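Go ahead and model the full structure; you've got the sequences and the hints to work with.
Residue numbers (the working numbering), protein chains in the order written: chain D, 1 to 213; chain X, 1001 to 1271.
By construction, these hints were calculated from the structure, which means they are not laboratory data. On a predicted model such as this, the values are computed, not experimentally measured, just so you know. Some hints here could point you the wrong way.
[Unchecked claim] Cut-off 25 angstroms, straight-line C-alpha distance, at most; resulting in silico cross-link-like pairs (DMTMM-like, lysine to aspartate or glutamate):
no. : chain 1 : residue 1 : chain 2 : residue 2
1   : D       : Lys30     : D       : Asp63
2   : D       : Lys30     : D       : Asp3
3   : X       : Lys1036   : D       : Glu67
4   : X       : Lys1036   : D       : Asp191
5   : X       : Lys1249   : D       : Asp189
6   : X       : Lys1036   : X       : Asp1063
7   : D       : Lys30     : D       : Glu67
8   : X       : Lys1249   : D       : Glu67
9   : X       : Lys1082   : X       : Glu1040
10  : X       : Lys1249   : X       : Glu1235
11  : X       : Lys1036   : D       : Asp193
12  : X       : Lys1249   : D       : Asp193
13  : X       : Lys1036   : X       : Glu1061
14  : X       : Lys1082   : X       : Glu1061
15  : D       : Lys31     : D       : Asp63
16  : X       : Lys1249   : X       : Glu1173
17  : X       : Lys1082   : X       : Asp1023
18  : X       : Lys1082   : D       : Asp153
19  : X       : Lys1082   : X       : Asp1060
20  : X       : Lys1082   : D       : Asp189
21  : X       : Lys1036   : X       : Asp1100
22  : X       : Lys1036   : X       : Asp1116
23  : X       : Lys1036   : X       : Asp1060
24  : D       : Lys31     : D       : Asp74
25  : X       : Lys1082   : D       : Asp63
26  : X       : Lys1082   : X       : Asp1116
27  : X       : Lys1082   : X       : Asp1063
28  : X       : Lys1249   : D       : Asp153
29  : X       : Lys1249   : X       : Glu1227
30  : X       : Lys1082   : X       : Glu1062
31  : X       : Lys1249   : D       : Asp3
32  : X       : Lys1036   : D       : Asp153
[Said to hold, decoys possible] Coverage of chain D stretches by chain X, computed from C-beta distances (three or more under 8 angstroms per stretch; other residues unrestricted):
no. : region
33  : 108–122
34  : 157–163
35  : 186–199
[Said to hold, decoys possible] Short derived list, chain X residues pointing at chain D, Cβ under 7 angstroms:
no. : residue
36  : Ser1237
37  : Leu1240
38  : Leu1247
39  : Gln1253
40  : Val1254
Glycine residues also receive a C-beta, built at the ideal position from the N, C-alpha and C atoms.
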Amino acid sequence: MSDLHTYIHAVETATSAPALCEAVIQLAQKKDTAAIPTLIAVLGYNNPAAAQAAVAGLIALGDAVVEPLLAQLDGYNYGARAYGVRVLGSIGHPAALRVLLAAAQSDFAPSVRRAATKAIGTLRWQLIPEETAREAQLREALMVLQRNSEAADWAVRYAVGVALDHLHQQAAARAIREAVRLLLNRLSDRDPDIVVRSRCQLALQRDSLSMHT
Amino acid sequence: MTTVSEPVQLTVPQMLAQLQGTDTSCRYYAAWWLGKFGLETATAAERQAIVSALIMALGDEEDRTELGGYPLRRNAARALGKLGDRQAVPALIECLRCEDFYVREAAAIALGQLGDPHAIAPLQALLEGGVAMARLVPGRPHLVQPVEAVIESLGHLGATEAIALIEPFLAHEMPRVQFAAARALFQLTGAAEYGDRLLVALNSEDVQLRRTALLDLGAMGYLPAAEAILQAGVEASFKLIALHGILSKQLQQVGPAAQTLSLFQGLDQLL
Chain D
1 MSDLHTYIHA VETATSAPAL CEAVIQLAQK KDTAAIPTLI AVLGYNNPAA
51 AQAAVAGLIA LGDAVVEPLL AQLDGYNYGA RAYGVRVLGS IGHPAALRVL
101 LAAAQSDFAP SVRRAATKAI GTLRWQLIPE ETAREAQLRE ALMVLQRNSE
151 AADWAVRYAV GVALDHLHQQ AAARAIREAV RLLLNRLSDR DPDIVVRSRC
201 QLALQRDSLS MHT
Chain X
1001 MTTVSEPVQL TVPQMLAQLQ GTDTSCRYYA AWWLGKFGLE TATAAERQAI
1051 VSALIMALGD EEDRTELGGY PLRRNAARAL GKLGDRQAVP ALIECLRCED
1101 FYVREAAAIA LGQLGDPHAI APLQALLEGG VAMARLVPGR PHLVQPVEAV
1151 IESLGHLGAT EAIALIEPFL AHEMPRVQFA AARALFQLTG AAEYGDRLLV
1201 ALNSEDVQLR RTALLDLGAM GYLPAAEAIL QAGVEASFKL IALHGILSKQ
1251 LQQVGPAAQT LSLFQGLDQL L
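As structure tokens, this is what we get:
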């Protein structure tokens, strides 16, 4: 324990950007849940390299991160919020669903909206065991994706495509599979951006490939 | 598609009247507004009226700054570039000789956007004297001529006759000018050496230069830069834009290839 404090102290007292980054990497390598609050704090330091290291460290710690991160999601610093939402998406625990849906719809920062939109697809939906409850929440998520598929920002629409690709491959999301396909088809035919169209085509191709193997 | 719109009560006829009015700050605003919203909202007849009024505004003598600049002319030139009507080309070429640097710069950019090869020779004239000419004006934040804008527009216009004229600017003292030259020369020749110059700049000490080089590489659609863009020490939102540029060009010109899969994976990671 005292060992970990040394590492936390190194993060808190680092005086240069490279030193901070190095200290965060060291702390993250300890894979200790007691490091979570410090790693979350680093997301708000406005140091992209250090934040990236903290993101990786938090993701590696898995579900234990979700509750403290939800409690500490920074309402003022949108950079920190975008990193936090990426962590929540990668861990994929459905406890984050409410926060992610709200962020995907109405966060003022595009970086947060697109990270949250993608995260809707990478949630581990099978962790909602009760089928009716799961389906209701999937439908709610789908509505948010449908709305964001009309966003002016191509990157948000691209994130919709990525989320749909993930949902399409999840057995736990079977209940909305047809609607997911429909939306993927629409985007791959009609989206004004060639990158968005092609990403959605890729998702549909992946599906036909897996059906033939 | 949802777009962020200006207050709804503003209309094309209103803004057109304002542009031709007497209040200089209203005229300035109207020129900007018509450039931004005119294309989507105007009828064909209104569009003609807008373009004529903006061309008139390029010769305005009323709106002057303390330093002798012509703000209305600047905004009119910018708007004409966005509206895409080549009627404006002769008047914009005329503006390349305006005493206001910012009018010359706006006109040079607009001429690149309008894509009319008649602009090539007059644009080239602004590079006369080469790197030795292109020095900072004492006490001002800009060079003697808007060389960055001119070089970029020559690139857009496909002006291969300007290659020899642009090449020396690769050695200009300002990195931004060097980048503009490399980007234009890549457009004009397709030679990898120019793309590679910007690739090297992704490692520069100054984050602002890293961002500029990264966006340039994206706008060029320089495929060999994709991996370096993903690794660069720049915010994810810049990488997204650059990678999107590379993928767009790749998909439009070649169609999906083996490499596009890893580019999509990179883009997915950046979200």
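Hint by hint, here is what the structure shows:
1. D/Lys30 - D/Asp63: 17 angstroms, holds
2. D/Lys30 - D/Asp3: Status holds; Cα separation ~10 angstroms.
3. X/Lys1036 - D/Glu67: The hint is violated at about 46 angstroms.
4. X/Lys1036 - D/Asp191: Holds. X/Lys1036 to D/Asp191 sits at ~23 angstroms (cutoff 25 angstroms).
5. X/Lys1249 - D/Asp189: With a Cα-Cα distance of about 19 angstroms, the restraint between X/Lys1249 and D/Asp189 holds, given a limit of 25 angstroms.
6. X/Lys1036 - X/Asp1063: 21 angstroms, holds
7. D/Lys30 - D/Glu67: Given that 25 angstroms is the threshold and the Cα spacing comes to 20 angstroms, the pair holds.
8. X/Lys1249 - D/Glu67: 43 angstroms, violated
9. X/Lys1082 - X/Glu1040: 11 angstroms, holds
10. X/Lys1249 - X/Glu1235: Given pair X/Lys1249, X/Glu1235 holds - Cα atoms ~22 angstroms apart, limit 25 angstroms.
11. X/Lys1036 - D/Asp193: Roughly 21 angstroms between the alpha carbons, so the hint for X/Lys1036 and D/Asp193 holds.
12. X/Lys1249 - D/Asp193: 12 angstroms, holds
13. X/Lys1036 - X/Glu1061: Since the Cα atoms of X/Lys1036 and X/Glu1061 sit roughly 23 angstroms apart, the hinted pair holds (cutoff 25 angstroms).
14. X/Lys1082 - X/Glu1061: 23 angstroms, holds
15. D/Lys31 - D/Asp63: OK: D/Lys31 and D/Asp63 at ~13 angstroms, within 25 angstroms.
16. X/Lys1249 - X/Glu1173: The given pair, whose Cα atoms are some 31 angstroms apart, is violated under the 25 angstroms limit.
17. X/Lys1082 - X/Asp1023: Between X/Lys1082 and X/Asp1023 the Cα gap is close to 24 angstroms, so the pair holds against 25 angstroms.
18. X/Lys1082 - D/Asp153: The hint holds at about 20 angstroms.
19. X/Lys1082 - X/Asp1060: 20 angstroms, holds
20. X/Lys1082 - D/Asp189: 28 angstroms, violated
21. X/Lys1036 - X/Asp1100: 23 angstroms, holds
22. X/Lys1036 - X/Asp1116: 21 angstroms, holds
23. X/Lys1036 - X/Asp1060: Distance of about 20 angstroms is within 25 angstroms: holds.
24. D/Lys31 - D/Asp74: 23 angstroms, holds
25. X/Lys1082 - D/Asp63: 50 angstroms, violated
26. X/Lys1082 - X/Asp1116: Holds, at about 14 angstroms.
27. X/Lys1082 - X/Asp1063: Within the cut-off at roughly 22 angstroms; holds.
28. X/Lys1249 - D/Asp153: 19 angstroms, holds
29. X/Lys1249 - X/Glu1227: 16 angstroms, holds
30. X/Lys1082 - X/Glu1062: Given pair X/Lys1082, X/Glu1062 holds - Cα atoms ~24 angstroms apart, limit 25 angstroms.
31. X/Lys1249 - D/Asp3: Outside the cut-off at roughly 52 angstroms; violated.
32. X/Lys1036 - D/Asp153: 17 angstroms, holds
33. 108–122: Holds, because 6 residues of the region 108–122 of chain D bring their Cβ atoms closer than 8 angstroms to Cβ atoms of chain X.
34. 157–163: Coverage by chain X holds here, the residue count being 3 at a Cβ distance below 8 angstroms.
35. 186–199: Result for this restraint: holds, n = 6.
36. Ser1237: 6 angstroms, holds
37. Leu1240: Because about 6 angstroms separates X/Leu1240 from the closest Cβ in chain D, which is inside the 7 angstroms limit, the hint holds.
38. Leu1247: 5 angstroms, holds
39. Gln1253: 11 angstroms, violated
40. Val1254: 12 angstroms, violated
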